[in-house]
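> What follows is the residue order along each chain.
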Amino acid sequence: MSQNFFYVTIVLYSCATLAYLVYLVKTTPAVATWANRLVMTGFVAHFLSTIHRFNSAGHLPITNMHESLSFFSLAIVGAFILFERRYRVTILGSFILPVALLLIVASSAFSSAISGLNPALRSNWLWLHTIMAFISYAAFTIAFGAAVIYLIQQHFLKKKRLGALFQKLPSLETLDDINYRCLTIGFPLLTVAIISGAIWAEKAWGTYWSWDPKETWSLITWFIYAALLHGRMTTGWRGRRAALLSIAGFLIMLFTFVGVNLWMPGLHSYK
Amino acid sequence: MNIIVVGLSHKTAPVEIREKVAFSPNQIEKPLRELVALDDIIEGVIVSTCNRVEIYATTRDIAGGIARIKRFMAEYHHIPFETLETHLYNYHSEAAIRHVFRVASSLDSMVVGEPQILGQIKTSYGYAAEYRSSGIILNRFLHKAFSVAKRVRTETRIASSAVSVAFAAVELAKKILGDLSDKTVMLIGAGEMCELAAKHFLNSGAKGVMVTNRTFERAERLAEDFGGEAIAFEEMFSHLHRADIVLSSTGAPHVIIGPKDVDEVIRRRRFKPMFFIDIAVPRDIDPKVDNLENAYLFTVDNLQETVQANLAQRNKEAEKAEEIINQEIGQFHKWLSSLEVTPTIVALRTHFDEIRRAELGRTAATWKELTPEDEKRLEALTSAIMNKLLHTPTLALKKAGQGGRVNLYVDALRQLFDLEAAPEEAEELELEE
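Chains A and B, in that order, give the protein sequences.
No gaps in the numbering here: position 136 of the first sequence is 136 in the working numbering, and each next residue is one more.
No gaps in the numbering here: position 18 of the second sequence is 1018 in the working numbering, and each next residue is one more.
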């Protein structure tokens, strides 16, 4: 059952991605409407699939690669839907949905067998730690999308190429705004995730911090976003610089999330 | 019934002619009354704007109607007919419908897609409705034209792009700075385009204007016009950081704002972006300013390119609009044709029935042995013959009402049997919608 919803989700996200890509080149408003509808429906299916899996596993379905990639994708799509409503930036979907689709397809490549949860990890801290982490990841992904569009838009402006795509992309101000908003949501949540993780680690493993690769890379991610937030608040960093740092932060975050799990064995590895 | 259009526009007549034939809205009643008093002109609407003067009318006699309206326009405005006629165009039937739909949709405007024309036609129609010079056909026709124009506006992007340099500047500013309501404009120097752009920025919600000029009095005067703030030219740099949008058009022989100046200003603004438009020739702002990260410098040529691109885009959208108009013409034409069918059938039957009654009366008067019963039989017989004879043509006419040949049939019947027109009766016959 949860697998059915999962595959329906993949199909819907594929269609939505396609619609958003068509929206890049076509101006018909109907394309945007349909893309938004598809992504909403996809999100509902994805949510149901996750709930169902939660029921059958008895714990939050983020304990193996299949589950956590799917959960990440769910968080991104949810965040996108919220930002699309708030800022009326449908075009963001053309950049975010491919990422979400890629993650869920990658998720399907891993075994979907339900894995038992290590008794040491059975704790309410699991909820706090992981959900905070995923929401912050989703916010940083949106910031990444906005940053990419910002660079494209700035390129058009500097080269004085003010074509149809330029007209369709949002203003620099809006993009920078989204970037900042994501940062102010993502950074505190990432902080909470790291701190709660440390407390939980002390309870489960007896030490707050063990320089496990995941911990190290999370800290690096945290520092990048901390630097960006600091720069923004004190010296008025914005625009291109903020966009480049957001992109760097996102890539490192992605590595922290996927790369560390796969290639750097440690306490956080789950496959 | 036919719709005819006679008129002239910016495409066929210079402004000297257009202003002579313009109808003033304050005295529109008189020409409207005279128009519908012309022979064979049944309904009439006069549209008069600074770019076009057009008369829409309905008539049975296309050639005669057009000629009479042309003469009316010349005589009303005391212009020699020959002078005026060379500038006039005229359309009838389908071409007339197309023309009015295109005009209302702003496809025939000097600036394609400009929105005023629709309002102007609505006002003109309002007068015609008020003075009862328009009737069922033109009422229906113009309402249709309004809905076509609305469709064109919502279904194509014909009116959505900036086609003037000043407007393009505002659009561009929004793409960089977002909402303009907390943004300030600085005007350096004076000049028509600069002031026009400043006006556009204010109309689009910009917060305020600073004006600076080598002659301070001039700056003050301009600042007063805009409700802004005058700044001495020497103090420009100590105020520049407050400006988000800078419009420059001084007559200076060399650049007055260099990259170093802007770099400093932007630091002072904590890297908030600035949008520069250099209108001056030679340039006021060093092109290197554009290399700075948060400074965006555009020249008039850059803006002009955008305008050109938008015009090209607009032409593409115009094609879509023509397609919409084609569909709507078909629909309206069908309605117009069907309008003729019922009165023609009624007239035809009345005509036959009159003959029948007359002949019957004459026979009865000379037929001495005729009993009342026989008379009834004769009545029934003649009626039956008449009905049988009329059955096929009536059916053909009704069928043609759903096709396209109806005008041909109606005209043929009216001419062959010398039928009178009775358009009033058609009022209830609104097939469409």
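Since the hints were made in silico from the structure, they are not lab data.
Computed from a predicted structure; not experimentally measured.
There may be inaccurate statements among the hints.
[Said to hold, decoys possible] Computed list of lysine-lysine pairs in DSSO-like fashion (alpha-carbon distance at most 27 Å, straight line):
# : chain 1 : residue 1 : chain 2 : residue 2
1 : A       : K160      : B       : K1260
2 : A       : K158      : B       : K1122
3 : B       : K1334     : B       : K1398
4 : A       : K160      : B       : K1316
5 : B       : K1122     : B       : K1288
> Determine for every hint whether it applies to the structure shown.
To see whether the hints hold, each was checked on the structure:
1. A:K160 <-> B:K1260: holds (22 Å)
2. A:K158 <-> B:K1122: Outside the cut-off at roughly 44 Å; violated.
3. B:K1334 <-> B:K1398: holds (12 Å)
4. A:K160 <-> B:K1316: holds (22 Å)
5. B:K1122 <-> B:K1288: Status violated; Cα separation ~51 Å.
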